[in-house]
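Student: For reference, the chains in residue letters:
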Amino acid sequence: MKKLEAIIKPFKLDDVKQALVDIGIRGMTVSEVKGYGRQKGQSELYRGREYHIDFLPKVKIEVVVTDDKVEEAVRQILLVANTGQIGDGKIFLSDIEDAIRIRTEESGNDALN
Amino acid sequence: MKKLEAIIKPFKLDDVKQALVDIGIRGMTVSEVKGYGRQKGQSELYRGREYHIDFLPKVKIEVVVTDDKVEEAVRQILLVANTGQIGDGKIFLSDIEDAIRIRTEESGNDALN
Amino acid sequence: MKKLEAIIKPFKLDDVKQALVDIGIRGMTVSEVKGYGRQKGQSELYRGREYHIDFLPKVKIEVVVTDDKVEEAVRQILLVANTGQIGDGKIFLSDIEDAIRIRTEESGNDALN
Amino acid sequence: MSFQTKNITWFLKNLMSAAVFVITLSVFAFAGNTPDSNAEALDMVWILIAAFLVFFMQAGFAMLETGFTRSKNAVNIMMKNLVDFSFGSLAFWAVGFALMFGAGNAFIGSEGFFLNGVTEPTQYAYWLFQAVFAATAATIVSGAVAGRIKFSSYLIYSVVITALIYPVSGHWIWGGGWLSSLETPMIDFAGSTVVHSLGGWAALAGAMIVGPRIGRYTKVKGPIRGHSLTLASLGVFILWFGWYGFNAGSTTSGTDLTIAIISVTTTLAASAGVVSAMITSWLREGKPDIGMSLNGALAGLVSITAGTANVSPLSAVLIGVIGGIIVNYSVALFDKLKIDDPVGAISVHGVCGAWGTLAVGLFAQESFGGVNGLFFGGGINQLLVQLLGVVAVFIWSFGLSTVMFLTLKRTMGIRVTEEEEILGLDLVEHGAEAYPDFTVTM
Amino acid sequence: MSFQTKNITWFLKNLMSAAVFVITLSVFAFAGNTPDSNAEALDMVWILIAAFLVFFMQAGFAMLETGFTRSKNAVNIMMKNLVDFSFGSLAFWAVGFALMFGAGNAFIGSEGFFLNGVTEPTQYAYWLFQAVFAATAATIVSGAVAGRIKFSSYLIYSVVITALIYPVSGHWIWGGGWLSSLETPMIDFAGSTVVHSLGGWAALAGAMIVGPRIGRYTKVKGPIRGHSLTLASLGVFILWFGWYGFNAGSTTSGTDLTIAIISVTTTLAASAGVVSAMITSWLREGKPDIGMSLNGALAGLVSITAGTANVSPLSAVLIGVIGGIIVNYSVALFDKLKIDDPVGAISVHGVCGAWGTLAVGLFAQESFGGVNGLFFGGGINQLLVQLLGVVAVFIWSFGLSTVMFLTLKRTMGIRVTEEEEILGLDLVEHGAEAYPDFTVTM
Amino acid sequence: MSFQTKNITWFLKNLMSAAVFVITLSVFAFAGNTPDSNAEALDMVWILIAAFLVFFMQAGFAMLETGFTRSKNAVNIMMKNLVDFSFGSLAFWAVGFALMFGAGNAFIGSEGFFLNGVTEPTQYAYWLFQAVFAATAATIVSGAVAGRIKFSSYLIYSVVITALIYPVSGHWIWGGGWLSSLETPMIDFAGSTVVHSLGGWAALAGAMIVGPRIGRYTKVKGPIRGHSLTLASLGVFILWFGWYGFNAGSTTSGTDLTIAIISVTTTLAASAGVVSAMITSWLREGKPDIGMSLNGALAGLVSITAGTANVSPLSAVLIGVIGGIIVNYSVALFDKLKIDDPVGAISVHGVCGAWGTLAVGLFAQESFGGVNGLFFGGGINQLLVQLLGVVAVFIWSFGLSTVMFLTLKRTMGIRVTEEEEILGLDLVEHGAEAYPDFTVTM
Ligand SMILES: Nc1ncnc2c1ncn2[C@@H]1O[C@H](COP(=O)(O)OP(=O)(O)O)[C@@H](O)[C@H]1O
Ligand SMILES: Nc1ncnc2c1ncn2[C@@H]1O[C@H](COP(=O)(O)OP(=O)(O)O)[C@@H](O)[C@H]1O
Ligand SMILES: Nc1ncnc2c1ncn2[C@@H]1O[C@H](COP(=O)(O)OP(=O)(O)O)[C@@H](O)[C@H]1O
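Chains as they are written, first to last, in numbering that gives the first Met the number 0: chain A, 0 to 112; chain B, 0 to 112; chain C, 0 to 112; chain D, 0 to 441; chain E, 0 to 441; chain F, 0 to 441.
Note that these hints are calculated values from the structure, not bench results. These figures come from a predicted structure and were not determined experimentally. Be aware that one or more of the hints could be misleading.
[As the list claims (entries may be wrong)] Capping the alpha-carbon separation at 35 Å, the derived lysine-lysine pairs in DSBU-like fashion look like this:
(1) 2(A) - 59(B)
(2) 1(A) - 39(B)
(3) 39(A) - 286(F)
(4) 2(C) - 59(B)
(5) 1(A) - 59(B)
(6) 59(C) - 1(B)
(7) 408(E) - 39(A)
(8) 337(D) - 286(D)
(9) 2(B) - 2(C)
(10) 2(A) - 1(B)
(11) 1(C) - 59(A)
(12) 2(B) - 59(A)
(13) 2(C) - 59(A)
(14) 2(B) - 2(A)
(15) 39(B) - 337(E)
(16) 2(B) - 1(A)
(17) 2(B) - 39(C)
(18) 59(B) - 59(C)
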């Protein structure tokens, strides 16, 4: 079981969600984050002064998938979230030891279906 | 040392927190997230049109515990956060290599007490 | 490749970011969280009643670094985020199996540079 | 005469002959501007502007209530405020006004339904002024039952209060009924009792019958905090602003120069309410509490409303100071009694309304409103009459509201289910979220 | 006479001699307060206060529009509202007023640019009242094109509408032009057509030419929701409050006692609009929808604006009820036509404005405004004239706005790029964020 | 005459005899409505409504200031605005009014404490009008010291400014003191100097002595941004609305027809301020900046306040344009000087207030206010007197405020600790959070 954490541009959320659902993933958890990276933040104005914002709004999608789905899921995200511009984000992969569904107390892969 | 990530219904936060505290867990970190899953989102209205909201408000509790506490913590969460209805959420377990308390620079299990 | 999750006091965010950037880290992801811990929450008033707030505002910095940078990154965070007072926060270390840059599909350490 | 007719002959064609212009503009005037017609017009202008200001108090109530409650119920609060005014003003047009001001007996009026028979402009103006008052009484209840009452039940209730509960006791005091026909008539100049206490006691009945919000008194955790003290504060500023219409407009005459002293006593009592409520909270809790300070402003305003034309500035300050203290202890008391009133409406409107009404019996001064209270050598009579009025309206409003809310409870139900309450009224009652910007960030 | 001169002789030096005081204060008065001078002064006070209230509607529009749109465009909405009033009032001063009210022909006026030649105080007051109306017409467009129009293009457009589009058709109806010179002159008391439909049809042209927001009709996902229904509701309360100035102020006379009945019909129609819009949405969707209820209030207000001085309270209720129903179906219709109007401006102002204008031909009653409509035995003439006015203004406003927006589109461009729209107008047009508190939490 | 007495005989009983009704309603009137009594009443109605509008500016200031500052200080801003008005109006009642308008010498008044000896209604009205002005002066300081001043110190300061600092220089200019007794008296019609500059210079002293917020000038990171530009914009709309009361109310007379031209110059100057401030920011920074545009509106308003009754519409536009440019450079200047003024109060009120006062000496025109300035052939005298007034008030206000703030600093302390500032004033001073909805989501 692996966790994919995808940091993406906010307006890609719907597309990425749909792409994941289309390959049979049935759950995910999303949060608003701020990202710092190569994509340099906007320059903004505030009461007549220009300044630089380092942190840009991003969306983090966390999705735990069974091992056999990892590759496909990554491929889908790469496909859909890519705009070709700096700041498209990253996918981080890590190991999840177990998952438990609170309602049924199922665990392991069963908890994900 | 393990990390438990519990995605729960927001109104269960206080109960889960208390349950964890009661078994001697002394710290946790909480964030607001949106969840997609089997629990189908509400249908809402907006200026005369009905539509469907896929993402529902959830709360994510992250708690890093020593290995010996994992089982008990999971049990407590299952006990308290369960309403028997779809959408109660998940617990994900993963490995944490080390924890460091910033103030004292203690690391390992000491950082958690 | 490791992930550092640092839970810090919000007003330290800028300093920590700068410290990480100064040692050559080129990306990180930040989110607002609420923390429960030893630092006892403020006592607040609401319409004439005193009460206690358990959860305090914290900032979570997630940064994925190549193995050789872990130690330095931790040291920097400890250096900068420490105020010597309860509630300074924690750093959690965990393993990341892979990172992929969405734009270029680079993976591994390359995705982090 | 319609707008455009006037405009035709207006402006530039007459640029060279300003005199002609004035004549044209004042067609009616020349048909006979007299001191009396001018006085009548000025009175009407005053009533109308005051009515507009009182209308605007609806915005104040909406902001105050939503600020003091959770974001998951914000839409519901807005709907309740919008709808109690709308249904309320229609109900007051159809029924309420006739019961309150129509010829009738000492208990109730009975003529003028649907403004039938009304032809005088001044009567229309007066209707509007009274309608916005009636809607205020209805709105007071909204805050006290926020977060758990069923929208449909609230809607029915708000029609009943504006069509029946408010007008009847209003008739007693303002419509020529028994409380105004006593040898020493009750004095409630702008409605500490007629409007505020009435609303406050209805709110009390509502809060008791609908019961406290889930988690309010059952858990160790703190109070259920509101979602925007900024908007709550804005609400108080708007209410204070509108209150000038409420109090000074109650002369229903702009040629009655007491409007000046009324405006002054209103200002001073409100200020004094803020100061004393804040200091009281500071002494009790160690910090100047914003919730109490905001409530202090309203407490001062409600307290001065009955006697605003009858007391000196100094007395107004004292009345406000006491109002500000009362509200602190009253809120604490209802909390101890586990009567859950998210915005403090019972204390602010009910209790301070009663205090303000009694205060007239103490502080009234002949040189202001023609009557002396206890402290100014007028004896205890006025005070007793005021007390009688307070009690009578309490019995009427609390009694009828209790009947009404209980009936609703037993028939269509008065409270949303536990699950609905947890999800929030916005979602379950209106299918809406107040601040849904997350998934739409695009 | 300047302020301080009066003050010198003012107050305490004369404390002992109040009589002297009054004399001092009323230097001018004693030079000759007459019933006519008083009536003139009262008229002016009324116009000015009404103008202030109409000005305040800008705040209402700003809140309504920002509430119904996303937070990433909130600053842009504020800027548009601030700037259309500012540029608009300057444009109306320089050009618009002369075209609308200056002596000229049946189609257009042509004297009084820059208030040239104006010396009478009443004319200044009248200018202000008209300027805030003109700015209202401009602001209506803002909501319909929100979230994608280029700021610079909007700015140019708002100058054109206040300097040219609004004044010319305004001249026809209010400035002595052809629609007011017909045998049966068109009746549009406070501007259902002159202001609201005009703005609504311009909004229609704008929304069509600028095109829908990205994702609005192309995806399965739901509507693009606004970021604060609380602020949107506040906006409606403010607009309703300001509308009293809009309608009752349109007598441009405080001695004209019809201001009372106007205020009453305005209140009842707005209330009726809320009630019927809410019930309609309840029946159609199963829940009382807040967006529709808020739009219902505005629909009622827009609908009564033309006939506010010409219809009975009961007719006002009916007009409002129908307005509230219309707005439901109209919003749905434009959605089906994929004309993206984030705040419903086209339906509320355009369609309900037309309905309100026609309603005068149906519901007008001699005992109120001197004219009978179809339902009261006046025959069909007035209705036909109203229809003529509706159509004429539609052609003018929609036509000219189309030309204007198309010209802008082909020259400087009318819409931000896709990338900019996604990032939000606040960032790309103003370098700002409306709620930037995250990284600054410190 | 109390309300209910009137009501008894009111309405439906007399439905058949409207004539009787009018008589009943106008008991006083028939005792003698005269042109003079009507004029007096109209003057009072005007003063009061204007005072209500100026009161409402408190809401505007509260929204503006909270919008431009961080959410962790939002409650504190609300409290400061609520409390400076409340303490301020009590202080002005007790002391300030007597010092300002009481008989005395050229420097200070000394009669009428606690409204002692005041009996005339008009004097009460005048007190209220002056009290809301005094509170405005106090509130101006609030924004400049936001985010770090101790609440208790602010509270004391706000009493001192309304009880002493404002009234004394006010006496010089409006109360019969030396600046109004010069051969060529200073002209400050509605208070560019008396109110705004005074407040602005006090704000300057405050901001300098309390020092910049942590991180404001010490780090590379950008400015400390506010938490809601939406609320800040709402604040500006409210202020603009209230300003009509501020300026046009300053005739303290509704029969003085200059209220029309005042309202026009106020509107045009504000609009011009927006336009020029926006364009200046656009040229300087490449984008139309909302902060500057909002400040531009206020800059235009402050700038026209002194000369609003003395200049032509065209001059008003020029005065506003220059105000809008000044505010851009002034904000930048104080930033360079590291004087931290989160809302720009010093520039808007202090600097533009001075500009507006001087502008009278340049643009005054006999045909408007009876006096000619330099540009209209009046010579340099008026300008020099204006300059004298500007300098005198600067010395008085800045001097006394400096003394006051330094005294507070050395005694009870004027600034919260670093840790408290980082946590936010809401938590440490009031034990509150403005938006605490997270843990309560339930
Ligand atoms: N090492 C990292 N650890 C955690 N998050 C990162 C890291 N590097 C980048 N990110 C996240 O990915 C986002 C995009 O990265 P950026 O360098 O701007 O563009 P790109 O991924 O296209 O090279 C950042 O805003 C940040 O949220
Ligand atoms: N595979 C997953 N990865 C990450 N989060 C998930 C996953 N599946 C579910 N979740 C989270 O758990 C929540 C509850 O899941 P859901 O399927 O709705 O109900 P249940 O857990 O009762 O089956 C979701 O809203 C989502 O936040
Ligand atoms: N076991 C834990 N798991 C996850 N987060 C924790 C844990 N313990 C502490 N935290 C986070 O660290 C923050 C600081 O911890 P706290 O115990 O208050 O102070 P300190 O780290 O100085 O001992 C908490 O607010 C919480 O967000």
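Student: With reference to the structure, classify each hint as holding or not holding.
Tutor: Results for each hint:
Of the pairs offered as hints, the one joining residue 2(A) and residue 59(B) holds, with about 15 Å between alpha carbons and a cut-off of 35 Å not exceeded. A threshold of 35 Å between alpha carbons decides the hint, and for residue 1(A) with residue 39(B) the separation of about 24 Å falls inside it, so the pair holds. With a C-alpha separation of about 19 Å, the suggested pair residue 39(A) and residue 286(F) falls inside the 35 Å cut-off, and the hint holds. Among the hinted pairs, residue 2(C) with residue 59(B) is consistent with the structure: their alpha-carbon atoms are about 19 Å apart, no more than 35 Å.
For the suggested pair residue 1(A) and residue 59(B), the alpha carbons sit about 18 Å apart, so the restraint of at most 35 Å is met. Distance hint between residue 59(C) and residue 1(B) is fulfilled; the C-alpha atoms sit about 18 Å from each other, no more than 35 Å. For a cut-off of 35 Å, the pair hint linking residue 408(E) to residue 39(A) stands: about 31 Å separates their Cα positions. Between residue 337(D) and residue 286(D), the direct Cα distance comes to roughly 24 Å. Compliance with the 35 Å bound is thereby established for this hinted pair.
Between residue 2(B) and residue 2(C), the direct Cα distance comes to roughly 13 Å. Compliance with the 35 Å bound is thereby established for this hinted pair. In summary, the hint linking residue 2(A) to residue 1(B) is supported, as the alpha carbons are separated by about 15 Å, within the 35 Å threshold. A C-alpha spacing of about 18 Å is found between residue 1(C) and residue 59(A), which places the hinted pair at or below 35 Å, so the restraint holds. Note on residue 2(B) and residue 59(A): the hinted pairing holds, with a Cα-Cα distance of about 19 Å set against a maximum of 35 Å.
Distance check on the hinted pair: residue 2(C) and residue 59(A) sit about 15 Å apart at the alpha-carbon level, within 35 Å; holds. In summary, the hint linking residue 2(B) to residue 2(A) is supported, as the alpha carbons are separated by about 13 Å, within the 35 Å threshold. Pair hint residue 39(B) plus residue 337(E) holds up; C-alpha atoms about 28 Å apart against a cutoff of 35 Å. With a CA separation close to 14 Å, the supplied pair residue 2(B) and residue 1(A) stays within the 35 Å bound.
For the given pair, residue 2(B) sits about 22 Å from residue 39(C) by alpha-carbon distance, which is consistent with the 35 Å threshold. Pair hint residue 59(B) plus residue 59(C) holds up; C-alpha atoms about 13 Å apart against a cutoff of 35 Å.
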